[in-house]
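K.L.:
Sequence:
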Amino acid sequence: MPTQQGSPTVRRLRLGQELRLLRERRKLTGAKAARELGWSASKVSRIEAARTMPSTDDIKALVKLYRVDGDKLDELIGLLRDAEQRGWWEDYEDALPEEYTRFLGLEAEAISQRSWEPHLVPGLLQTEDYAREVILASRGIARITHSGVRSRVEARLDRQQRVLHRPEPCRLTVVLDESALMRRFGEPSVMREQMEHLLEISLLPHVSVRVLTLDSLHPVNTGTFIHLQFAEFDDVVYLEQLYTANFVDDLERVAGYETAFDHIKSEALDEDESRVLIQRKAMLWRR
Numbered sequence: 001m002p003t004q005q006g007s008p009t010v011r012r013l014r015l016g017q018e019l020r021l022l023r024e025r026r027k028l029t030g031a032k033a034a035r036e037l038g039w040s041a042s043k044v045s046r047i048e049a050a051r052t053m054p055s056t057d058d059i060k061a062l063v064k065l066y067r068v069d070g071d072k073l074d075e076l077i078g079l080l081r082d083a084e085q086r087g088w089w090e091d092y093e094d095a096l097p098e099e100y101t102r103f104l105g106l107e108a109e110a111i112s113q114r115s116w117e118p119h120l121v122p123g124l125l126q127t128e129d130y131a132r133e134v135i136l137a138s139r140g141i142a143r144i145t146h147s148g149v150r151s152r153v154e155a156r157l158d159r160q161q162r163v164l165h166r167p168e169p170c171r172l173t174v175v176l177d178e179s180a181l182m183r184r185f186g187e188p189s190v191m192r193e194q195m196e197h198l199l200e201i202s203l204l205p206h207v208s209v210r211v212l213t214l215d216s217l218h219p220v221n222t223g224t225f226i227h228l229q230f231a232e233f234d235d236v237v238y239l240e241q242l243y244t245a246n247f248v249d250d251l252e253r254v255a256g257y258e259t260a261f262d263h264i265k266s267e268a269l270d271e272d273e274s275r276v277l278i279q280r281k282a283m284l285w286r287r
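By the count of the UniProt record's numbering, the sequence shown reaches residue 287 at its end, each step adding exactly one.
No lab work stands behind these hints, which were simulated from the structure alone. Check before you lean on any hint, since a few could be wrong.
Unchecked claim - Derived DSBU-like pairs: lysine-lysine, alpha-carbon spacing no greater than 35 Å straight-line:
no., residue 1, residue 2
1, 64, 27
2, 32, 43
3, 72, 27
4, 64, 32
5, 265, 281
Claimed, not checked - Distance windows between CB atoms, simulated:
no., residue 1, residue 2, range
6, 93, 128, 20 to 26 Å
7, 244, 284, 19 to 25 Å
8, 203, 88, 33 to 39 Å
9, 32, 71, 49 to 55 Å
10, 266, 71, 33 to 39 Å
11, 154, 251, 41 to 47 Å
12, 31, 86, 32 to 38 Å
13, 55, 162, 26 to 32 Å
14, 164, 249, 50 to 56 Å
15, 270, 196, 35 to 41 Å
16, 203, 55, 27 to 33 Å
17, 217, 138, 35 to 41 Å
18, 164, 39, 50 to 56 Å
The model shown is predicted, which means the values in this text are computed figures rather than measured ones. Think of the CB as a built atom: it goes at the ideal place given N, C-alpha and C, for glycine as much as any other residue.
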């Protein structure tokens with residue numbers, strides 16, 4: 001993927017990763033590099049972790065310390081330039097949690113996304129009315145305003161267009177628990193429309209939707225997680241909780257989630273069988 005088309009969030013992470021690797025090749029600790037530059041150790045740590053954006057002068061100082069050539073400097077400055085761009089999700093920053101906007105930035109450059117959802121239809125596959133009801137259901141806990149609900153619905157629909165319908169969409173594999181098809185949000189008509197939409201979108205060539213039935217062996221007792229894979233960056237797992245979210249980037253733990261997803265998928269119905277079940281649920285919501 002050309003750099004100018006990349007996600008600013010991923011470019012920030014890549015920039016930090018590249019600077020960390022250059023430091024490690026010189027066999028310098030973060031504290032030692034900071035002392036050499038007259039910086040605080042926390043500044044080096046924040047830059048490498050993509051929590052702080054370095055300036056052009058910061059990068060030049062680091063490159064000089066790490067004794068790398070001009071081509072590498074040009075590459076790093078290019079990453080910095082792209083990292084300073086705005087992502088589409090930043091238009092919704094006031095309405096969305098900080099961790100979630102970071103996730104959207106990562107998702108924008110993912111080439112594959114694998115999602116386990118035991119509770120509800122995932123956001124990428126939701127209709128507008130279903131999304132609104134899901135957000136309203138948590139409004140009392142999250143204290144979301146009317147305008148906040150509207151902004152979150154708009155962000156969710158915008159996300160769907162940019163992830164599922166972009167020129168080169170990522171490969172999406174979703175495993176749903178059957179209970180997610182039975183948990184009512186809104187009127188039965190909302191659920192019926194959601195089931196029909198789920199059937200329609202499951203036919204896209206880059207989308208796979210499978211259902212883990214209630215009578216299936218549940219191989220992994222875990223909540224929702226999303227596994228993102230990238231062409232130029234290590235995999236990341238996103239874990240969303242009630243008030244916050246966590247990102248797992250430790251390679252061993254990411255591999256564990258990958259294995260967990262494979263186990264869940266192996267127990268789920270195949271795609272055709274899943275469509276039959278979803279169709280049955282749609283018919284039930286007609287009553």
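K.L.:
Any of the earlier hints contradicted here, and which numbers?
P.N.:
As far as the earlier hints go, 7, 8, 9, 10, 11, 14, 15, 16, 17, 18 are violated by this structure, in ascending order.
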